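Taking the hints into account, I'd like the entire structure generated from these sequences.
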Amino acid sequence: AQSVAQPEDQVNVAEGNPLTVKCTYSVSGNPYLFWYVQYPNRGLQFLLKYITGDNLVKGSYGFEAEFNKSQTSFHLKKPSALVSDSALYFCAVRANAGNNRKLIWGLGTSLAVNP
Amino acid sequence: GAGVSQSPSNKVTEKGKDVELRCDPISGHTALYWYRQSLGQGLEFLIYFQGNSAPDKSGLPSDRFSAERTGGSVSTLTIQRTQQEDSAVYLCASSQSGTETYEQYFGPGTRLTVT
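Top line first, the protein sequences correspond to chains A and B. Okay, so the first sequence: first residue is 6 according to this note's numbering, each after it adds one. Okay, so the second sequence: first residue is 224 according to this note's numbering, each after it adds one.
Every clue listed holds true.
Mimicking EDC-like on lysine to aspartate or glutamate, the simulated pairs with C-alpha atoms at most 16 Å apart in a straight line are:
no.: 1; chain 1: A; residue 1: K74; chain 2: A; residue 2: D59
no.: 2; chain 1: B; residue 1: K280; chain 2: B; residue 2: E291
no.: 3; chain 1: A; residue 1: K27; chain 2: A; residue 2: D14
no.: 4; chain 1: A; residue 1: K82; chain 2: A; residue 2: E69
no.: 5; chain 1: A; residue 1: K107; chain 2: B; residue 2: E267
no.: 6; chain 1: A; residue 1: K107; chain 2: B; residue 2: E326
no.: 7; chain 1: A; residue 1: K82; chain 2: A; residue 2: E13
no.: 8; chain 1: B; residue 1: K240; chain 2: B; residue 2: D286
no.: 9; chain 1: A; residue 1: K82; chain 2: A; residue 2: E71
no.: 10; chain 1: A; residue 1: K82; chain 2: A; residue 2: E20
no.: 11; chain 1: B; residue 1: K238; chain 2: B; residue 2: E308
no.: 12; chain 1: A; residue 1: K54; chain 2: B; residue 2: E326
no.: 13; chain 1: A; residue 1: K107; chain 2: B; residue 2: D279
no.: 14; chain 1: A; residue 1: K54; chain 2: A; residue 2: E71
no.: 15; chain 1: A; residue 1: K63; chain 2: B; residue 2: E326
Everything labelled a hint here was simulated from the structure, so no lab data went into it. Keep in mind it's a predicted model, so treat the numbers as computed, not measured.
And the structure:
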């Protein structure tokens, strides 16, 4: 069965420090991977995606994520965190196979960036 | 251009009443999704429409829930005989097509409270 795990409910980092939000997945076949962000009292916004090609993908607001096939991971990273990055982050995946086009979503990781 | 819109933004209803939630997707987007997000929880897939194909209803939690999409555009999610456990934020998303490579664009959600 397809699944996504975000092992950390909450991540705390100091402003200016690098941040990592972890995501691991389990799918049959090659995965399509996505990160979304939900700012307080706002809707979900797309950040970035991995479909194929370079394992390091760059997205909005200076975020990037690295696809690691051997570790089945797609961790979200940013070199220097901002207080405004504080939000809820969701990882999602679907398999590159079959007719099922639903995304499987992680439970989310709350990121708190402290000034 | 306009994003995904949802109405109402907030809905308070009494247990046992029926409610209708509306979603206007981005013009030209053929795929439309409904999700439910409970407080502090991840996204729960409800239903997925793709063009003229039969919808994927596999996520609907009970037969009290139904959805339709008229003319390939506006969608309505109906909950009959609401229960307190139906209280959640209901999110709608659309994408350019049903293919996996297109990211989903989310509306602001409808916060449903069943008293």
